[in-house]
Structures are given as structure tokens and as C-alpha cells.
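The residues making up each chain are set out below.
2 protein chains.
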Amino acid sequence: MRSMNRIHFDEIWQELTRILLALGFENSRAKRCAYIFTENTCDGVTSHGLNRFPGFVTAVKTGLVKTQVEPELVRSLGAIEQWDGMRGVGPLNAEKAMKRAIELSRGHGLGCVGLCNTNHWMRGGTYGLLAAEAGCIGICWTNTIALMPPWGSAERKIGNNPMVVCIPRGEDPILLDMAMSQFSNGKLEVLRRRGEQLPLAGGYDENGELTTDPNAILESCRALPIGYWKGSGLALVLDLMASLIANGDSTRDISQREKETGVSQVFMAIDIESQMGAANVDGKVNAIIHDFLDTPSLKGAPKVRYPGQGMLATRRENLRTGIPVEPELWQTIQRM
Amino acid sequence: MRSMNRIHFDEIWQELTRILLALGFENSRAKRCAYIFTENTCDGVTSHGLNRFPGFVTAVKTGLVKTQVEPELVRSLGAIEQWDGMRGVGPLNAEKAMKRAIELSRGHGLGCVGLCNTNHWMRGGTYGLLAAEAGCIGICWTNTIALMPPWGSAERKIGNNPMVVCIPRGEDPILLDMAMSQFSNGKLEVLRRRGEQLPLAGGYDENGELTTDPNAILESCRALPIGYWKGSGLALVLDLMASLIANGDSTRDISQREKETGVSQVFMAIDIESQMGAANVDGKVNAIIHDFLDTPSLKGAPKVRYPGQGMLATRRENLRTGIPVEPELWQTIQRM
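The listed protein sequences correspond, in order, to chains A and B.
Take any residue in the first sequence, count from 1 to its spot, add 54: that is its number in the working numbering.
Take any residue in the second sequence, count from 1 to its spot, add 54: that is its number in the working numbering.
No lab work stands behind these hints, which were simulated from the structure alone.
A quick note: this is a predicted structure, and the numbers were derived from the prediction, not measured.
Any given hint might turn out to be false.
Any copy will do: because identical chains look the same in the list, a pair fits if it lies in one copy or spans two.
To be verified - EDC-like cross-link-like pairs, simulated, lysine to aspartate or glutamate; straight-line CA separation at most 16 angstroms:
hint, residue 1, residue 2
1, Lys153, Glu187
2, Lys313, Glu243
3, Lys353, Glu263
4, Lys241, Asp267
5, Lys241, Asp64
6, Lys357, Glu209
7, Lys353, Glu209
8, Lys353, Asp259
9, Lys85, Glu65
10, Lys353, Glu260
11, Lys353, Glu327
12, Lys153, Glu124
13, Lys241, Asp307
14, Lys115, Glu273
15, Lys85, Glu149
16, Lys85, Glu69
This is chain A alone, in the form it adopts within the complex:
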């Protein structure tokens, strides 16, 4: 691994804000969008933080992502609403949608927002954490361009459709943030560049054999859905639900475009702390998590971890010591 700079959160945040302001973002929106990219990086999800920022800037410059629009309400039915993202800024649209789902949950116990016609939300975990901070269980997912073959085929047809579940627990929420592919294309490409193998089979080679060779999987286009047929089915129903609830485009529709845009997303918030009391939620979650952490690990293996545990540790470390950034990437960003 190349040596990394360690840069303070605020310095990255300011730098990204400067760039977004120059692109014509309104002041508070520039700050907020830059914050999300910075926080994703701080949390160790650089693939959906700084690494994606140059591509995001290009998408803004080419007009794929529109900076001046905000989501508009299309239809409301009590606890569920449908919004149009107007092809705006994915992370800001998603944040607004989850905030609205949280508002809806205050009156109805739970709230749901379907958001059509939006752009890549970067890291879905951002919006799950938002719900948990508000004392809600947060559930959200997005469809994507076709990235995987369904089980039994070699043709890309289904998205990897990341799904997020976040459970509030004071400063230490539980955050599951997972795509339906076993490994992301980004991960496969990184390992191919490094000449490394995957830790476990991540797809099929051209001969239909399971393989840990990232190159073979990228060549065959046969990345493995989690759990073989199960993840394939789950990806399909997530796309169906997103297209229906958002009344938006499906993976099939999106894949007919040259670049991924106009995706459909769903945001749910369940106001669990109002229903049970924050102390009761913490008590119940802690009883499960403490017991879970007591599970003996395999000989030589690291301790068993709950989803999001590593992320929170990384966040705290990086807030203290600075966020590791590849020097070349940082230079690229400073020159933007």
C-alpha cells in the first residue's frame, strides 16, 4: 500500500466546499455535500468518498448531476410519500428524503419516502446513520445500473442495489450497508491492479468455475451475488420495490442510458425510540450486541464484529489522527 497523507477532517471539508462553490453550488448545499464526501472518507469508505469526488465533479460539469434543483413532492398518502429527485445532487437528495421519512415517522410511527429520478447517493450508510441519530431505525436501498448476471446467466441484468439498515444505540449505532454483489467492481479492479486474489470466490471465470481471480471475474462479467441465487433474487425484488414505491425507473430503464442516472431509492424510518423509550432501545440492543461480541472467534481469526463496528473505530481514529488520503488524489483535488 502506498504511503498516505493524514489530513484533518476540516481541511478536506473546506477544500471540497471550495470546489463545489466554484461549480455553482449554493453555499449551505456546497458545505453539506462536501461534508458527506469528507465523512464517508473519514469513516474508511473512501471508495464512496474522496475516490469518487473527481467523478462527481465531472458529472456536475457535464450536466448529469444538476446542482440547482431540489426534490419535489409528487404524491402523498399518509405515512408514505413519493418525491422526484429532478436529477439533482444524489447525496443531498437522499439526505432530504431520509429527513422527510423521519418527519413522517413522528406522526405515524413510521415513514417512507420513494425518490425517483435521482443520482448516486455515494454511501447509503450516511442516510441510515441520519435516521439512527434521530432515534429511528433507518432502512434504505437504491437500484443501480445493471452490474451482475442473475443466477444461471452470464449477462449483466441486475443491479448490485445496496441496502442499508441502521439501528440506533447512542453513539454506537449498528450499521449494515451492503451491496448484493459479493465484491464490488471497485474492489475487483483494485485487486487486479495489485495482482492480488480475493479472499474467497467472488465470481465465475469464462469456464464457469468459481474463482478468486479478480481479472477472470472482470473478463467474464460474472460477479457472484451474495448467496448465489438468493442475492440474485434479493437484488431483483429490491429493484422492483424501488421502481414501484418511487414510481421511478428500474435497473432495466437505467441501463439503457449511457451513464447511470435517474435511479430509484426508498427511505424508511421507524420511530422506535418514541415507541419504546431510548433507554429501552439501548438496553435491548446492548443485550444482543454484548452477547454477540462474546462469541468465541476461530483460532487465529480476529474477534467477531457487528456491522459498522469497524467503521466507527476508523472514524474515531481518523478524527484524532487525520484521514489517510493518497497523495496523488489529494494533489488532484487541490488543483481542481
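Given the structure of chain A, go ahead and fit chain B onto it with the hints provided.
Below, chain B without anything else, positioned relative to chain A:
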């Protein structure tokens, strides 16, 4: 495979009804419970139909499942309610809970019921299909006794927590019904008896190697969660959410009992046909499904299928020609 009797749906239904009436079930509840067991068998899910019926009868006789109780409302907050299953009949409790979620969705756009203190629901798909028949997207899941080790351990600590998503589409809904383990213990035991291997790695042997040998997996207790760490994390958050939303027992609590009882379940219904119109729902779903079915299959592989497609074909075949039942099992049931 042993030769099977083919028995008509109504004959099985009447036979099971007779047995439940003799156990003290009220007439309409006996009929309905027998219907669910029969339909599960008819749909090809014999593992959660007739195969489970003798065990269910034992659970009733020993008092683990209480036949005379009905779920009671504990707390209501708009679109979300919490019910106590009173350790009653799992399938009838679950049906009532999904029916209530559908009712809630009529006024609020979506409805959610958390059900604590209930028993095994047999096949979760039953309740998803119920929602789809009512024009709703149905989502439900249950926790279970500890059945799998979390990723990185060899100690059983997490449930396989089956999850169901059902999407309405006239007579042909899409039904995903999946546990978080790659293969069920039932499947492993069947293959062990037959001396057969799994089609793909389903767990680890005692040496920590991935294996297709069902015996090795049953010995090591290391069944594989779908997608390794991903299914392990998903099983954990499903348990957390079920325990919180139902204010009920977690997998940890349930596993302290001698037998699985007092599980927690969640039922959600999204009234999508009221929101979009049934024709629009069908149109959107069909556009996705028809395109999906067009995916070329791998050489020599069967055609790509959507979740629930095989089940619906099996149902129609069995309604026409009778339901295949193992002769010994049928004798056992007739003598009950």
C-alpha cells in the same frame, strides 16, 4: 426418490382439519390452519407443510403452542402496532398480523405490525402472498433460535431469520422467501441421509475448509450464511429489528429455552395498488420481469427464473394432478 402418492388438495385439507378439531381447535381456526399446511405442501414447500405437521401436533399436545388464544394489541402508534402472540398458533397469528398490517396500509399508505411471543410461522411466503392478493407489497421476517455461527466463529449464535418480500402481479406475484443460511438444516439432513453432496459449498468442515459435504457441516455446526459476512450481518440486524419492533425476545433469549418458542416477527404492507393503480403496478412489474426472463441462460443451464416462479408452476401442477406425498407420512397422518 421414493414413489409418491398424489393426493387431492381437499383430501389433505380435510384430513388435517379433522386432526386439529380433535386437538380442540375452534372450527374455523382448524380449517384455516389446516389450509395453510396444505397449501404450503401444494406449493412444493413440504418442509414447511406436511413434513412439519406431526411436529406441530406434538407442540400443541405438549402445550408449547396454545390453540385457544388470539393475538392481543399491546400498543398502537398510527401506522405501526405491536401485538402479543400469546404463544398461540404460529401460522394463525402471522396471518392475523399481516391482515392487520394490510388494514393499516389502507389508511396510512403502509402499515407495520410487530408480533412478539409467537410461534413458528411455517412458511413465511404464506403471509407475503396474502399481502400481494390484497394489492400490497408484503415484507415480513421472523427471528429464530440460534442456528448459525456469525462470520469468524464456529459457535451458533445467530438465527437463520427467514425474510419474505412479495410483489403483487395479478395471479403471478413475485415471491422471495429466503433464510439467511445458504442451506437449511433440513436440506443438509436430507442430503446426508441420501449420501449426496451439496451443489455448492454450504459451510465449513472441522478444519475450516469450505465443503459441499452435508455431514461435515452438520458435525462442525458451521453452516454458511449467504454471502459470508454479509448474511451474518443481515441475520443480526433482522433479529435486532424484530426484537425492537415487536418489543419481543431476541434469538439470544429464545435460544435459552429448550425448544424454539416465543419468537418475534415483523409484518409490513405497502398499499401500492391504491397508490399507483393495479394496471400500473402490473405494467411496471411485467416490464422488469419480461426483460429478466429474456436473459440468456448459461450453456446447459435451465432458464433464468424469478423468485416464486417455480413455486407457482408447482402449485398449478399439484392442483391439477394432486399433491405428491410420501406414503409413510400420509399413513402417519391418517392414523393421527
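Status of the hints after comparison with the structure:
no.	hint	result
1	Lys153 - Glu187	within (11 angstroms within a copy, 32 angstroms between copies)
2	Lys313 - Glu243	neither (19 angstroms within a copy, 48 angstroms between copies)
3	Lys353 - Glu263	between (29 angstroms within a copy, 13 angstroms between copies)
4	Lys241 - Asp267	within (12 angstroms within a copy, 30 angstroms between copies)
5	Lys241 - Asp64	neither (28 angstroms within a copy, 54 angstroms between copies)
6	Lys357 - Glu209	between (38 angstroms within a copy, 13 angstroms between copies)
7	Lys353 - Glu209	between (40 angstroms within a copy, 12 angstroms between copies)
8	Lys353 - Asp259	between (32 angstroms within a copy, 14 angstroms between copies)
9	Lys85 - Glu65	within (12 angstroms within a copy, 69 angstroms between copies)
10	Lys353 - Glu260	between (35 angstroms within a copy, 12 angstroms between copies)
11	Lys353 - Glu327	neither (39 angstroms within a copy, 53 angstroms between copies)
12	Lys153 - Glu124	within (14 angstroms within a copy, 37 angstroms between copies)
13	Lys241 - Asp307	neither (26 angstroms within a copy, 38 angstroms between copies)
14	Lys115 - Glu273	neither (31 angstroms within a copy, 59 angstroms between copies)
15	Lys85 - Glu149	within (13 angstroms within a copy, 49 angstroms between copies)
16	Lys85 - Glu69	within (10 angstroms within a copy, 68 angstroms between copies)
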